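Line order of the protein sequences matches chains A and B.
Sequential numbering from 1 applies to the first sequence in the UniProt record's numbering.
Sequential numbering from 1 applies to the second sequence in the UniProt record's numbering.
Hints were generated in silico from the structure; no laboratory data involved.
Note that the structure is predicted; figures quoted are calculated from it, not measured.
Built from N, CA and C at the ideal position, the CB exists for glycine as well.
Do not rely on the hints blindly, as some may be mistaken.
[Stated by the list, open to error] Simulated restraints on C-beta separations: (1) 462/A with 147/B: 33 to 41 Å; (2) 474/A with 386/B: 41 to 49 Å; (3) 153/A with 332/B: 20 to 28 Å; (4) 291/A with 130/B: 27 to 35 Å; (5) 67/A with 387/B: 54 to 62 Å; (6) 344/B with 470/A: 53 to 61 Å; (7) 341/B with 462/A: 53 to 61 Å; (8) 40/B with 462/A: 29 to 37 Å; (9) 317/A with 354/B: 32 to 40 Å; (10) 383/A with 40/B: 45 to 53 Å; (11) 130/B with 424/A: 27 to 35 Å; (12) 383/A with 62/B: 50 to 58 Å.
[Unchecked claim] From the derived model, a few chain B residues whose C-beta atoms are all more than 10 Å from chain A: (13) 27; (14) 45; (15) 46; (16) 51; (17) 298.
Number of protein chains: 2
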Amino acid sequence: MMHRLVKQSAAPLRRLFSSHGDIKRGAFATLNDADVAHFQKICSGVLTATDEVAPFNSDWLNKYHGHSKLVLRPKTTQEVSDILKYCNDRRLAVVPQGGNTGLVGGSVPVHDEIVLSTGNMNQIESFDDVSGIVVCQAGCILETLDAHVGKFGYMMPLDLGAKGTCQIGGNASTNAGGLRLLRYGSLHGSILGIEAVLADGTIVDCLSTMRKDNTGYDLKQLFIGSEGTLGVITRLSVLTPPRSSAVNVALVGCESFDAVKKTYVQARRHLGEILSAVEFMDRGSLDMVLSQQPDLADPLESNCPFYVLIETAGSNASHDMEKLEHYLADVMDTGSVVDGTVAQDAAQAKRLFGIREDITLALSSRGYVYKYDVSIPIDEYYQIVQDTRTRMEKHGAVVVGYGHLGDSNMHLNISTLEYDDKVMADLEPFVFEWTAARRGSISAEHGIGTHKPSFLHLSKSDSAIRMMQQMKHVFDPNGILNPYKVLPSSSSSAAA
Amino acid sequence: MMHRLVKQSAAPLRRLFSSHGDIKRGAFATLNDADVAHFQKICSGVLTATDEVAPFNSDWLNKYHGHSKLVLRPKTTQEVSDILKYCNDRRLAVVPQGGNTGLVGGSVPVHDEIVLSTGNMNQIESFDDVSGIVVCQAGCILETLDAHVGKFGYMMPLDLGAKGTCQIGGNASTNAGGLRLLRYGSLHGSILGIEAVLADGTIVDCLSTMRKDNTGYDLKQLFIGSEGTLGVITRLSVLTPPRSSAVNVALVGCESFDAVKKTYVQARRHLGEILSAVEFMDRGSLDMVLSQQPDLADPLESNCPFYVLIETAGSNASHDMEKLEHYLADVMDTGSVVDGTVAQDAAQAKRLFGIREDITLALSSRGYVYKYDVSIPIDEYYQIVQDTRTRMEKHGAVVVGYGHLGDSNMHLNISTLEYDDKVMADLEPFVFEWTAARRGSISAEHGIGTHKPSFLHLSKSDSAIRMMQQMKHVFDPNGILNPYKVLPSSSSSAAA
Numbered sequence: 001m002m003h004r005l006v007k008q009s010a011a012p013l014r015r016l017f018s019s020h021g022d023i024k025r026g027a028f029a030t031l032n033d034a035d036v037a038h039f040q041k042i043c044s045g046v047l048t049a050t051d052e053v054a055p056f057n058s059d060w061l062n063k064y065h066g067h068s069k070l071v072l073r074p075k076t077t078q079e080v081s082d083i084l085k086y087c088n089d090r091r092l093a094v095v096p097q098g099g100n101t102g103l104v105g106g107s108v109p110v111h112d113e114i115v116l117s118t119g120n121m122n123q124i125e126s127f128d129d130v131s132g133i134v135v136c137q138a139g140c141i142l143e144t145l146d147a148h149v150g151k152f153g154y155m156m157p158l159d160l161g162a163k164g165t166c167q168i169g170g171n172a173s174t175n176a177g178g179l180r181l182l183r184y185g186s187l188h189g190s191i192l193g194i195e196a197v198l199a200d201g202t203i204v205d206c207l208s209t210m211r212k213d214n215t216g217y218d219l220k221q222l223f224i225g226s227e228g229t230l231g232v233i234t235r236l237s238v239l240t241p242p243r244s245s246a247v248n249v250a251l252v253g254c255e256s257f258d259a260v261k262k263t264y265v266q267a268r269r270h271l272g273e274i275l276s277a278v279e280f281m282d283r284g285s286l287d288m289v290l291s292q293q294p295d296l297a298d299p300l301e302s303n304c305p306f307y308v309l310i311e312t313a314g315s316n317a318s319h320d321m322e323k324l325e326h327y328l329a330d331v332m333d334t335g336s337v338v339d340g341t342v343a344q345d346a347a348q349a350k351r352l353f354g355i356r357e358d359i360t361l362a363l364s365s366r367g368y369v370y371k372y373d374v375s376i377p378i379d380e381y382y383q384i385v386q387d388t389r390t391r392m393e394k395h396g397a398v399v400v401g402y403g404h405l406g407d408s409n410m411h412l413n414i415s416t417l418e419y420d421d422k423v424m425a426d427l428e429p430f431v432f433e434w435t436a437a438r439r440g441s442i443s444a445e446h447g448i449g450t451h452k453p454s455f456l457h458l459s460k461s462d463s464a465i466r467m468m469q470q471m472k473h474v475f476d477p478n479g480i481l482n483p484y485k486v487l488p489s490s491s492s493s494a495a496a
Numbered sequence: 001m002m003h004r005l006v007k008q009s010a011a012p013l014r015r016l017f018s019s020h021g022d023i024k025r026g027a028f029a030t031l032n033d034a035d036v037a038h039f040q041k042i043c044s045g046v047l048t049a050t051d052e053v054a055p056f057n058s059d060w061l062n063k064y065h066g067h068s069k070l071v072l073r074p075k076t077t078q079e080v081s082d083i084l085k086y087c088n089d090r091r092l093a094v095v096p097q098g099g100n101t102g103l104v105g106g107s108v109p110v111h112d113e114i115v116l117s118t119g120n121m122n123q124i125e126s127f128d129d130v131s132g133i134v135v136c137q138a139g140c141i142l143e144t145l146d147a148h149v150g151k152f153g154y155m156m157p158l159d160l161g162a163k164g165t166c167q168i169g170g171n172a173s174t175n176a177g178g179l180r181l182l183r184y185g186s187l188h189g190s191i192l193g194i195e196a197v198l199a200d201g202t203i204v205d206c207l208s209t210m211r212k213d214n215t216g217y218d219l220k221q222l223f224i225g226s227e228g229t230l231g232v233i234t235r236l237s238v239l240t241p242p243r244s245s246a247v248n249v250a251l252v253g254c255e256s257f258d259a260v261k262k263t264y265v266q267a268r269r270h271l272g273e274i275l276s277a278v279e280f281m282d283r284g285s286l287d288m289v290l291s292q293q294p295d296l297a298d299p300l301e302s303n304c305p306f307y308v309l310i311e312t313a314g315s316n317a318s319h320d321m322e323k324l325e326h327y328l329a330d331v332m333d334t335g336s337v338v339d340g341t342v343a344q345d346a347a348q349a350k351r352l353f354g355i356r357e358d359i360t361l362a363l364s365s366r367g368y369v370y371k372y373d374v375s376i377p378i379d380e381y382y383q384i385v386q387d388t389r390t391r392m393e394k395h396g397a398v399v400v401g402y403g404h405l406g407d408s409n410m411h412l413n414i415s416t417l418e419y420d421d422k423v424m425a426d427l428e429p430f431v432f433e434w435t436a437a438r439r440g441s442i443s444a445e446h447g448i449g450t451h452k453p454s455f456l457h458l459s460k461s462d463s464a465i466r467m468m469q470q471m472k473h474v475f476d477p478n479g480i481l482n483p484y485k486v487l488p489s490s491s492s493s494a495a496a
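Could you put together the complete structure from these sequences and hints?
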């Protein structure tokens, strides 16, 4: 149902310099020929040719650029362990990289870090069709896993636009959210076990396949969302939910954000256990897609300022449709919704969801895009779009908002024809401070990467950041794992 | 629906000595009058009278006994912080205690630790009826919270026998599981934010109320399931699911464990999104309840070796009943189930669930009970009961098994008229090693406490235990927080 991310070519209008900013290189060692010779002995995949290394040095939006000279593509946990042990002894910095579909520079080298790519670690090791638990290596592509468990009537508990490229290890490391979180919760709940390798090469086996395991500290949680700064995830076990036999999609239009809120609350009430996604987009987001896809018709007759996309997934098609019809009758009767359409088949459903999914591509095709991914209390969910729009008026920027309404997760996007420092200066720290003032999160699902370490204090207290730095120091005392990322600079680039 | 745990009186037949075992006191300071005088200045609730302190010195099963002279009952986070700072400076050991309903001695003093009871921290601070997020102090009783959010159409994501006594802070600290885990997942997913106080008094504010927050390491996870050894949880925010308007309960009987497995798989297939609990009990468990409750009739006409209790919870009573009837027809037709009953009203549903809930009480009323709480791969789920029964034959012990089938969580219980070291020697480490050999968990939901630190290595690798010890050392360098618990002794009692 979801679209594959297409790697963007570097158009001349876009910002071509590294937006990693002015990050000073840490006191790490520099790769030499002897190192490369050693890696060729201990690792099954070693890339050194400039053209082969190049794709690993930038992200898919072509926004972040590094200068790595070496990509290592191990196949086994033991290889990862040997690599990290050597790097730690030699003080060589390493950036773990999965599908490289992130948006905050977390998987891209900043300077000359060695890229440790998990792409060759793509074995699905087992699937238990009674419990629905899959065990696999970190480099398995999300879509491949979803297809595999699908054969047994199950589905992966997460789904996101990048599913055709992103890897489950990267999903775990970044605590990826996406479309199914509303129903199936975060990876902190779905991931049952993790095997990871620490900076010094220690293999930590917490690869439980039990749904319940209260034996000591839940160490696997440390690796979920820490963006590869505490260890490299090598294998995982994931609890997958049964695939629903009946899926329905409806798109409805609302005249006000207050009506959007009511539409959401009524959806939870009417659709209860079958509600599987509640996505939001404003008219500007839809216009962005329509402008880039001339063949696409406006999905509703009315031109509404706000749209809500609702997906249900259940085990009984007629029960589900009855619930959906009651719901739609109710939101139309009460005036929350002024127009709407229900997909009559899977192709129509795919088309409706496709609009929501295509917003990202439409935005990046238009020119430069400043992307923000924030959580905001539902009452002020759309206010950030309006306030940013007012602020951007003088720049002629197009400001649109869309996102996972059911999770209070807003994707605020500011589109300009080309990158402009003045626009950036008016956006940051404005967006982050606006969010922090409402106790929202300055990164709902995209993470911190190199983009936001200096803003981390807006969402986390000093004592919390100090705890993170202490953990980093204990488990990666030489700071070789993904330096310059997540934590403010005082600790992240601290090579011994 | 669930029953309140009743504190057991110390019957002469039971083991009256402390089963904390021979744990050597750490090199902590000893409480003096000046300390007590200081606590009276900084804490709103100070108990020193022997009879007032006594209930805090033992657990509800009267199995673990400590020798604390002082109970502190603060009302605010600041008080907790002041207390811990003082204790840390003075090297006074502290045991945090919630509702004290645990089964592994985790909340009971071992020697003379100060009891830090969260019972007076019982304020519900806010509830957002759009998002379903409740914010409260750690000492709120689970049942009270459930009733509070119930007024708005929501329910707590966990439910367990001790709900009338246990506190949400203790639930979080022990990562309590219970009946709703199958549907709503673990607390690692449901808890959105935590405020905790570290051993040195530092208040760590990670009290997010956002469903998505990927800003740095997810520190709150450290406090979930670490049994108060890394910090004291003071406030929480919890995501609560909508309360289902339709709840159905069925009890079915099976002739073999293979049939039980099929009954479970078919339940997932037919009942999908409305399935809310799949509980298991063997005939011995039912007999135990019947023998203790002479007025209770056998719930089914057939005498079956195995019973499965199925609960559905949904938003449409007629849809749900239709699904349940189809399901029951299918499992009867295919022979997985030989007898069954569906509750016709809430009172009947309560009675059926009551049998499952009463097993614990029936067992402890009979005499002494050796309790094990393990996760086992579903194929061998019942084998542990059979193997243990064989092993116990010579002791004349009654061996029963019940538990959360849907989570592969077996409660293995061995009942004798009085405690016997020989029985114990035949059970431990047998049960733990049996479980470890199948990569199960030696503690599915009850935790480690003082009961299992020496067996932790059976479920966790050396490198994992070393990571836990490193974390303990960083965040509680003097080891004052809940010493002797969770981690093997080399680190847990290491006072500076």
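Structure-based check of each hint:
For the pair residue 462/A and residue 147/B, the supplied restraint of 33 to 41 Å holds, since their beta-carbon distance comes to about 37 Å. Look at residue 474/A against residue 386/B: about 44 Å separates their beta carbons, and that is inside 41 to 49 Å. For residue 153/A and residue 332/B, the Cβ-Cβ distance of about 22 Å falls inside the hinted range of 20 to 28 Å, so the restraint holds. In this structure the hint that residue 291/A and residue 130/B lie 27 to 35 Å apart at CB holds, the actual value being about 33 Å.
Restraint check, residue 67/A to residue 387/B: a C-beta distance of roughly 60 Å satisfies the suggested window 54 to 62 Å. Taking 53 to 61 Å as the suggested C-beta distance range, the pair residue 344/B and residue 470/A conforms, at roughly 58 Å. Checked against the given bound of 53 to 61 Å, the beta carbons of residue 341/B and residue 462/A, roughly 59 Å apart, stay inside it. Taking 29 to 37 Å as the suggested C-beta distance range, the pair residue 40/B and residue 462/A conforms, at roughly 31 Å.
Range check, residue 317/A to residue 354/B: Cβ separation about 36 Å, and the 32 to 40 Å hint holds. Take residue 383/A and residue 40/B: their Cβ atoms lie about 49 Å apart, and the range 45 to 53 Å holds. For residue 130/B paired with residue 424/A, a C-beta distance near 34 Å keeps the hint of 27 to 35 Å intact. One distance hint, 50 to 58 Å for the beta-carbon pair residue 383/A and residue 62/B, holds here, with the actual separation near 56 Å.
Taking the minimum C-beta to C-beta distance to chain A, about 24 Å, the non-interface status of residue 27/B holds against the 10 Å cut. For residue 45/B, the shortest C-beta to C-beta distance to chain A comes to about 25 Å, beyond the 10 Å cut-off, and the non-interface label holds. Look at residue 46/B: its CB is around 27 Å from the nearest CB on chain A, clear of 10 Å, so calling it non-interface holds up. Separation of residue 51/B from chain A is adequate, the least Cβ-Cβ distance of about 33 Å exceeding the 10 Å criterion.
No beta-carbon of chain A comes within 10 Å of the beta-carbon of residue 298/B; the shortest separation is about 30 Å.
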